[in-house]
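S.K.: Here is how the chains run, residue by residue.
There are 2 protein chains.
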Amino acid sequence: MNFCSNCAAPIVVKTPPGDHLPRFVCERCGSIHYKNPLLVLGCVPQWEDRILICRRAIEPRRGYWTVPAGFMENGETMQQAAARECMEEAMAQVEMGSLLAIVDVPGAHQVHVMFRARLYQPVFGPGPESLEVKLVTEAEIPWDDIAFPSGLFTLQKFFADRAAGREDHHFAELRGRFKPGTTSMPEPA
Amino acid sequence: MNFCSNCAAPIVVKTPPGDHLPRFVCERCGSIHYKNPLLVLGCVPQWEDRILICRRAIEPRRGYWTVPAGFMENGETMQQAAARECMEEAMAQVEMGSLLAIVDVPGAHQVHVMFRARLYQPVFGPGPESLEVKLVTEAEIPWDDIAFPSGLFTLQKFFADRAAGREDHHFAELRGRFKPGTTSMPEPA
Numbered sequence: 003m004n005f006c007s008n009c010a011a012p013i014v015v016k017t018p019p020g021d022h023l024p025r026f027v028c029e030r031c032g033s034i035h036y037k038n039p040l041l042v043l044g045c046v047p048q049w050e051d052r053i054l055i056c057r058r059a060i061e062p063r064r065g066y067w068t069v070p071a072g073f074m075e076n077g078e079t080m081q082q083a084a085a086r087e088c089m090e091e092a093m094a095q096v097e098m099g100s101l102l103a104i105v106d107v108p109g110a111h112q113v114h115v116m117f118r119a120r121l122y123q124p125v126f127g128p129g130p131e132s133l134e135v136k137l138v139t140e141a142e143i144p145w146d147d148i149a150f151p152s153g154l155f156t157l158q159k160f161f162a163d164r165a166a167g168r169e170d171h172h173f174a175e176l177r178g179r180f181k182p183g184t185t186s187m188p189e190p191a
Numbered sequence: 003m004n005f006c007s008n009c010a011a012p013i014v015v016k017t018p019p020g021d022h023l024p025r026f027v028c029e030r031c032g033s034i035h036y037k038n039p040l041l042v043l044g045c046v047p048q049w050e051d052r053i054l055i056c057r058r059a060i061e062p063r064r065g066y067w068t069v070p071a072g073f074m075e076n077g078e079t080m081q082q083a084a085a086r087e088c089m090e091e092a093m094a095q096v097e098m099g100s101l102l103a104i105v106d107v108p109g110a111h112q113v114h115v116m117f118r119a120r121l122y123q124p125v126f127g128p129g130p131e132s133l134e135v136k137l138v139t140e141a142e143i144p145w146d147d148i149a150f151p152s153g154l155f156t157l158q159k160f161f162a163d164r165a166a167g168r169e170d171h172h173f174a175e176l177r178g179r180f181k182p183g184t185t186s187m188p189e190p191a
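Here the protein sequences come in this chain order: A and B. Position one of the first sequence corresponds to residue 3 (this note's numbering), numbered consecutively onward. Position one of the second sequence corresponds to residue 3 (this note's numbering), numbered consecutively onward.
A couple of the hints might just be wrong.
One copy or two, it doesn't matter: identical chains are merged, so the pair holds either way.
[As the list claims (entries may be wrong)] List time: in silico SDA-like cross-link candidates among lysine to any residue, alpha-carbon distance up to 25 Å: (1) Lys37 <-> His22; (2) Lys16 <-> Gly129; (3) Lys16 <-> Arg86; (4) Lys136 <-> Val125; (5) Lys136 <-> Arg120; (6) Lys136 <-> Met98; (7) Lys159 <-> Gly99; (8) Lys159 <-> Arg177; (9) Lys136 <-> Tyr122; (10) Lys37 <-> Met3; (11) Lys16 <-> Met89; (12) Lys159 <-> Arg120; (13) Lys37 <-> Thr17; (14) Lys136 <-> Trp49; (15) Lys16 <-> Phe73; (16) Lys136 <-> Gly20; (17) Lys16 <-> Met3; (18) Lys159 <-> Ser100; (19) Lys37 <-> Gly129; (20) Lys16 <-> Leu40; (21) Lys136 <-> Phe161; (22) Lys16 <-> Pro130; (23) Lys136 <-> Tyr66; (24) Lys136 <-> Ser100; (25) Lys16 <-> Asn76; (26) Lys37 <-> Met89; (27) Lys136 <-> Ala162.
FYI, nobody ran anything at the bench for these hints, they're computed from the structure.
Starting from the given sequences, assemble the full structure and let the hints guide the process.
M.R.: Right, here's the structure in full:
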């Protein structure tokens, strides 16, 4: 951040009175521009004993596999965001289920929230951000080619819970390396 | 947002190619400035059969009661954010417990996440954003003077679960009126 988005004056980095952290401050109009963590919402869409995964058509991690997930937008709920991302990336309609994983990625300034979901019908296909979308059994998961650590954690917990007949939720903190210049998704640790 | 925070050129609102929503776009340097929901983290700090609540010293809802909560910062986990807010607003050290409430407030572009917590000792006091901090039993909760609907939902679920001997997590979607010009906390519906 170089300039004030309100009045276009140069920004200075300083701790405002009464605050405890340095912020992007405009000394002309007095605006304080806060930067806060972003929510990434996703789901594990299930059809019978298989789940839907997507092969990424975009960087970072193009060509690697992921569960459908992406940045939550203003005006939607978390469940709506997860369902929208599933429609955009996998062209699949889902009913959102229970909370599965909450993954803090502080180095990337993100929190990833993952739900269980069910496909209404086995209808899906690659959206613009996917090269390929497919239904796979647990044995068919490409474990060595999962795009992001939060997706790996999510899939591991999904299958462990399913085997145990449970639907728990799971926390993780991933201190993956942050690669600047990407869309700010974390690289694998 | 009036000006590009990267290069100070005037901003236009338009849907970028391949996107599906209008964004703040700089036609000079090509920057796209996304606006996404913010996370508010809080907790219900418990000491024996009582919980800690704070009377707000700041707007919105000055003078009303709340659980300690506030905006999550970059670089921290959700649990760290909730503990920090408890220290800032109630000067109390807590051990974070189980997930209690996840409240979507789409009109305010916020998601509120609340945990159960335990005070290490019955030591607390008003931080700069609080007029008063006190330990109360369920019967002493000022139900008519709770600052925000998400806090009300959180407290109701906390006591209902405690009575039932459970520690569940609960979702809510609050479509409260958004009052511009405040710190963007939602007004009661």
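S.K.: Determine for every hint whether it applies to the structure shown.
M.R.: Taking the hints in turn, this is what the structure says about them:
| no. | hint | verdict |
| --- | --- | --- |
| 1 | Lys37 <-> His22 | both (14 Å within a copy, 24 Å between copies) |
| 2 | Lys16 <-> Gly129 | between (43 Å within a copy, 22 Å between copies) |
| 3 | Lys16 <-> Arg86 | between (38 Å within a copy, 20 Å between copies) |
| 4 | Lys136 <-> Val125 | within (10 Å within a copy, 55 Å between copies) |
| 5 | Lys136 <-> Arg120 | within (14 Å within a copy, 45 Å between copies) |
| 6 | Lys136 <-> Met98 | within (19 Å within a copy, 39 Å between copies) |
| 7 | Lys159 <-> Gly99 | both (15 Å within a copy, 20 Å between copies) |
| 8 | Lys159 <-> Arg177 | within (19 Å within a copy, 32 Å between copies) |
| 9 | Lys136 <-> Tyr122 | within (15 Å within a copy, 49 Å between copies) |
| 10 | Lys37 <-> Met3 | both (10 Å within a copy, 14 Å between copies) |
| 11 | Lys16 <-> Met89 | between (42 Å within a copy, 23 Å between copies) |
| 12 | Lys159 <-> Arg120 | within (17 Å within a copy, 27 Å between copies) |
| 13 | Lys37 <-> Thr17 | both (13 Å within a copy, 23 Å between copies) |
| 14 | Lys136 <-> Trp49 | within (11 Å within a copy, 50 Å between copies) |
| 15 | Lys16 <-> Phe73 | between (29 Å within a copy, 19 Å between copies) |
| 16 | Lys136 <-> Gly20 | between (52 Å within a copy, 23 Å between copies) |
| 17 | Lys16 <-> Met3 | both (13 Å within a copy, 21 Å between copies) |
| 18 | Lys159 <-> Ser100 | both (13 Å within a copy, 18 Å between copies) |
| 19 | Lys37 <-> Gly129 | between (30 Å within a copy, 23 Å between copies) |
| 20 | Lys16 <-> Leu40 | both (22 Å within a copy, 22 Å between copies) |
| 21 | Lys136 <-> Phe161 | within (17 Å within a copy, 44 Å between copies) |
| 22 | Lys16 <-> Pro130 | between (41 Å within a copy, 20 Å between copies) |
| 23 | Lys136 <-> Tyr66 | within (13 Å within a copy, 52 Å between copies) |
| 24 | Lys136 <-> Ser100 | within (22 Å within a copy, 35 Å between copies) |
| 25 | Lys16 <-> Asn76 | between (28 Å within a copy, 16 Å between copies) |
| 26 | Lys37 <-> Met89 | between (29 Å within a copy, 21 Å between copies) |
| 27 | Lys136 <-> Ala162 | within (21 Å within a copy, 42 Å between copies) |
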